[in-house]
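Using the sequences provided together with the hints, build the complete structure.
Protein chains in written order, with this note's numbering: chain A, 1 to 204; chain B, 1 to 204; chain C, 1 to 204; chain D, 1 to 204.
Misleading hints may appear alongside valid ones.
[Claimed, not checked] Below, in silico cross-link-like pairs of lysine-lysine (BS3-like), each with a Cα-Cα straight-line distance of 25 Å or less:
| no. | chain 1 | residue 1 | chain 2 | residue 2 |
| --- | --- | --- | --- | --- |
| 1 | A | K54 | A | K44 |
| 2 | B | K54 | B | K133 |
| 3 | A | K15 | A | K44 |
| 4 | B | K122 | A | K8 |
| 5 | C | K8 | D | K52 |
| 6 | D | K44 | C | K15 |
| 7 | B | K122 | B | K50 |
| 8 | D | K102 | C | K15 |
| 9 | D | K50 | D | K15 |
| 10 | D | K15 | D | K34 |
| 11 | B | K80 | B | K44 |
| 12 | D | K80 | D | K133 |
| 13 | D | K50 | C | K8 |
| 14 | C | K50 | C | K99 |
| 15 | D | K204 | A | K97 |
| 16 | A | K54 | B | K36 |
| 17 | B | K204 | A | K8 |
| 18 | C | K50 | D | K80 |
| 19 | B | K122 | A | K54 |
| 20 | D | K204 | D | K102 |
| 21 | A | K36 | B | K204 |
| 22 | D | K54 | C | K36 |
| 23 | C | K122 | D | K36 |
| 24 | B | K97 | B | K80 |
| 25 | D | K34 | C | K44 |
| 26 | A | K80 | A | K102 |
| 27 | B | K54 | A | K8 |
| 28 | B | K204 | C | K99 |
| 29 | B | K54 | B | K8 |
| 30 | D | K133 | D | K54 |
| 31 | B | K34 | A | K50 |
| 32 | D | K34 | C | K116 |
| 33 | C | K44 | D | K52 |
| 34 | A | K204 | D | K80 |
[Said to hold, decoys possible] Now the stretches of chain D that chain C is said to cover, found in silico as 3 or more residues with beta-carbon under 8 Å:
| no. | region |
| --- | --- |
| 35 | 17-25 |
| 36 | 29-41 |
| 37 | 61-71 |
| 38 | 89-100 |
| 39 | 117-125 |
| 40 | 148-157 |
Read the hints as simulated data drawn from the structure, not as lab findings.
None of the values given here were measured: they were computed from a predicted structure.
Beta carbons: idealized from backbone N, C-alpha and C, even for Gly.
4 protein chains.
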Amino acid sequence: MYSPTIQKLIDLFSKFPTVGPRTASRFVFYLMGKNKEEIEEIIKSISILKEKVKICSSCFNTYEGPGLLCNICSDPRRDKSLLCVIANETDLEAIEKIKKYKGFYFILGGTVSTLKKTDIEKLRFRELGQRIKSRPEIQEIILAFNSTSEGEATALYLERILKSFDATQDNPVRITRLGRGLPLGGELEYADEETLSSAFEGRK
Amino acid sequence: MYSPTIQKLIDLFSKFPTVGPRTASRFVFYLMGKNKEEIEEIIKSISILKEKVKICSSCFNTYEGPGLLCNICSDPRRDKSLLCVIANETDLEAIEKIKKYKGFYFILGGTVSTLKKTDIEKLRFRELGQRIKSRPEIQEIILAFNSTSEGEATALYLERILKSFDATQDNPVRITRLGRGLPLGGELEYADEETLSSAFEGRK
Amino acid sequence: MYSPTIQKLIDLFSKFPTVGPRTASRFVFYLMGKNKEEIEEIIKSISILKEKVKICSSCFNTYEGPGLLCNICSDPRRDKSLLCVIANETDLEAIEKIKKYKGFYFILGGTVSTLKKTDIEKLRFRELGQRIKSRPEIQEIILAFNSTSEGEATALYLERILKSFDATQDNPVRITRLGRGLPLGGELEYADEETLSSAFEGRK
Amino acid sequence: MYSPTIQKLIDLFSKFPTVGPRTASRFVFYLMGKNKEEIEEIIKSISILKEKVKICSSCFNTYEGPGLLCNICSDPRRDKSLLCVIANETDLEAIEKIKKYKGFYFILGGTVSTLKKTDIEKLRFRELGQRIKSRPEIQEIILAFNSTSEGEATALYLERILKSFDATQDNPVRITRLGRGLPLGGELEYADEETLSSAFEGRK
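The structure is reproduced here in structure tokens:
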């Protein structure tokens with residue numbers, strides 16, 4: 001029942017992650033209430049996004065500025081022996097926030113829910129192989145995926161191809177995964193058996 | 001830690017209703033993954049929004065097309081004796097969906113949480129007064145606000161000014177509010193006392 | 001893995017409303033931590049429950065003390081023209097708390113989810129019929145059920161039998177239901193269509 | 001408004017863990033609906049609980065049958081070198097369910113939220129000290145508490161007293177805690193920094 005221009009924008013916003021038609025319509029009325037300058041600011045910010053922001057040729061992280069590498073890949077203080085493979089940019093942000101990890105990253109571009117060829121081809125498995133081949137200094141590859149079934153499937157698939165690939169190399173690389181266990185606030189009584197099992201195995 | 005262009009857009013999206021920084025960053029990476037044509041489509045839809053979409057001079061609903069009135073205000077089949085005052089466009093959509101109400105609307109532009117002069121001046125109380133004055137055919141004004149404290153405060157304030165205004169008119173107008181009661185799925189045991197009280201009073 | 005005596009009590013507590021095995025085991029360990037006197041107090045309170053507490057012969061509410069009627073049914077100040085039919089004692093408590101209703105009650109004993117004969121026979125439809133027949137002073141019967149599908153089915157079934165029964169009486173009785181509408185805190189935008197529709201119809 | 005006998009039982013049930021007055025009243029009406037035999041069964045199960053169920057003199061777990069030890073403490077196949085200190089019986093059940101841990105337990109009886117003397121004296125710290133002293137074969141003490149602030153405080157306090165105690169022994173005992181990390185289903189983006197940090201440290 002909305003007018004065509006409004007409905008069109010509702011449809012576009014509805015495709016944004018986590019947004020449904022009701023939230024999308026609130027976005028549109030939010031924009032209706034903004035003045036010309038504010039609308040211009042939003043439009044400009046969107047339009048320069050893909051001009052200004054570049055994708056790092058090494059880790060596929062976003063960056064701005066000169067050169068072909070992002071801030072992390074061009075930082076000489078980072079530890080060249082560590083490579084952390086992650087699904088998305090937001091995972092990189094989450095890991096950088098804890099300020100514990102000093103190695104490099106590789107953004108796979110997502111996770112595979114099934115192992116269909118079309119799904120696998122969307123992700124950067126090929127580029128990851130090239131990256132590892134060209135960096136003999138890598139000693140550990142950390143597969144840092146969500147503990148969800150998609151994250152698990154992706155890690156398992158990666159482990160398999162990295163091991164077969166590793167067998168042909170001179171220096172074997174250690175492949176690790178994030179530790180499982182009780183999260184902050186977790187209670188034994190309500191923990192699932194797999195998590196509690198991991199917590200026992202990982203005790204220290 | 002995001003690059004300035006990304007951070008700027010995250011900040012802008014964070015001001016959208018219901019959006020926090022985490023969701024805003026997901027919006028930005030969603031846009032990063034779109035191609036030039038898709039970005040253009042979004043930009044164009046935003047930029048023509050305020051050009052194409054007009055605000056009805058009578059009810060302040062949005063519309064497109066010729067004339068000064070929206071589809072509802074220019075519809076001769078609507079019932080001229082009824083005026084439904086609502087806070088926002090989304091409330092109008094919700095009411096139109098039930099297909100029960102055949103009168104006209106007036107969009108106040110929000111609700112008042114306090115009765116501060118600055119809050120009150122942001123809403124269209126003055127325009128509502130003019131509308132009512134110019135339409136002697138109105139017999140019932142329905143104050144259709146949320147049952148929240150803001151909605152209640154706004155309805156109370158409106159009732160007060162409409163009554164004092166009405167005293168100076170020839171034809172007294174009936175002022176009504178939406179019925180309170182148990183919603184679909186509501187249980188007596190978990191209903192608050194006010195709702196249950198209304199449900200008893202409104203039995204039929 | 002619990003010992004048989006503990007497991008037996010867990011099984012019994014698991015049948016209590018809203019209690020699952022995990023909560024039931026917490027109940028048992030709570031009791032294990034109580035001393036002899038505290039256990040005795042609980043046991044005694046349970047054992048005298050059905051001795052001391054009687055069921056009102058008129059409305060099926062619980063009461064203590066002399067006579068065959070509960071405090072409400074024996075209260076001469078209550079309004080004899082009103083009868084409120086409810087599913088359970090907890091609904092009676094909820095209604096009494098609002099202090100608006102001054103008539104009598106009839107506790108049906110539950111709701112019917114299907115209209116199976118075995119389901120219907122568990123409830124006090126027969127006793128309700130006798131009650132109404134013996135009280136010609138009743139002018140309104142309020143069917144105060146939850147707005148759930150079970151509550152609706154029960155109200156519909158009751159309406160049907162009460163109407164056919166009413167046709168044979170000299171004084172027709174008014175049969176009403178609780179008002180539907182927005183509950184306290186309800187918002188138009190999130191209300192289901194049926195609730196919003198009722199709120200419009202029930203406006204005042 | 002409930003009768004005294006009902007209210008008394010509601011009050012008693014309201015003290016059960018997780019139970020509020022509303023649930024307690026549902027328990028009472030549930031019991032009202034049971035027949036004499038069913039009530040007897042519940043009463044009997046409660047009354048024999050503390051007669052039949054014994055508390056293990058070694059680990060403070062519950063058990064039935066002859067002897068002074070529970071099924072676990074009297075099982076010769078369990079690993080004498082491991083002692084797992086837990087807060088409650090329900091934690092023991094949770095750990096036994098994963099079938100990974102083959103050592104012994106010690107139930108502390110709760111956690112300390114503050115380190116007040118009165119709080120500490122309610123727990124079995126003294127008995128734990130005696131247990132460890134009398135079992136020189138213990139090589140590892142696992143502090144298996146919830147990752148909550150209470151669990152953390154209790155583990156910290158225990159670590160401190162166990163270490164000072166350990167310094168006086170010939171064979172130093174290893175004191176461990178459950179591994180922290182992402183739980184099953186955990187996502188990097190939504191993990192708190194402490195959990196993600198632990199997940200990185202505990203990678204393998």
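Just to be careful, I want the Cα atoms of D/K34 and C/K44 compared with a cutoff of 25 Å; is the pair within it? holds, 16 Å
Is the hinted pair C/K50 and D/K80 satisfied, with a Cα-Cα distance of at most 25 Å? Violated: C/K50 and D/K80 sit about 52 Å apart, past 25 Å.
Regarding the pair A/K204 and D/K80, is the alpha-carbon distance no greater than 25 Å? holds, 19 Å
Satisfaction of hint between D/K15 and D/K50, Cα-Cα up to 25 Å: holds, 19 Å
In terms of beta carbon proximity below 8 Å, does the region 148-157 of chain D have 3 or more residues touching chain C? violated (count 0)
Pair hint B/K80 and B/K44, alpha-carbon separation not exceeding 25 Å: violated, 38 Å
Restraint status (C-alpha distance of A/K54 to B/K36 at most 25 Å): Holds, at roughly 14 Å.
Please verify whether B/K204 and C/K99 have alpha carbons no more than 25 Å apart. Status holds; Cα separation ~19 Å.
For D/K102 and C/K15, compute the direct alpha-carbon distance and say whether it is at most 25 Å. violated, 33 Å
Go check the region 61-71 of chain D versus chain C for me, would you? Three or more residues, Cβ under 8 Å, otherwise it fails. Contact hint for the region 61-71 of chain D vs chain C: holds, 4 residues under 8 Å.
B/K54 and B/K133: Cα distance at most 25 Å? Within the cut-off at roughly 24 Å; holds.
Does C/K50 pair with C/K99 here, judged by a C-alpha cut-off of 25 Å? Violated, at roughly 28 Å.
Of the hints listed earlier, those the structure fails to meet are numbers 4, 8, 11, 14, 17, 18, 19, 21, 29, 39 and 40, in rising order.
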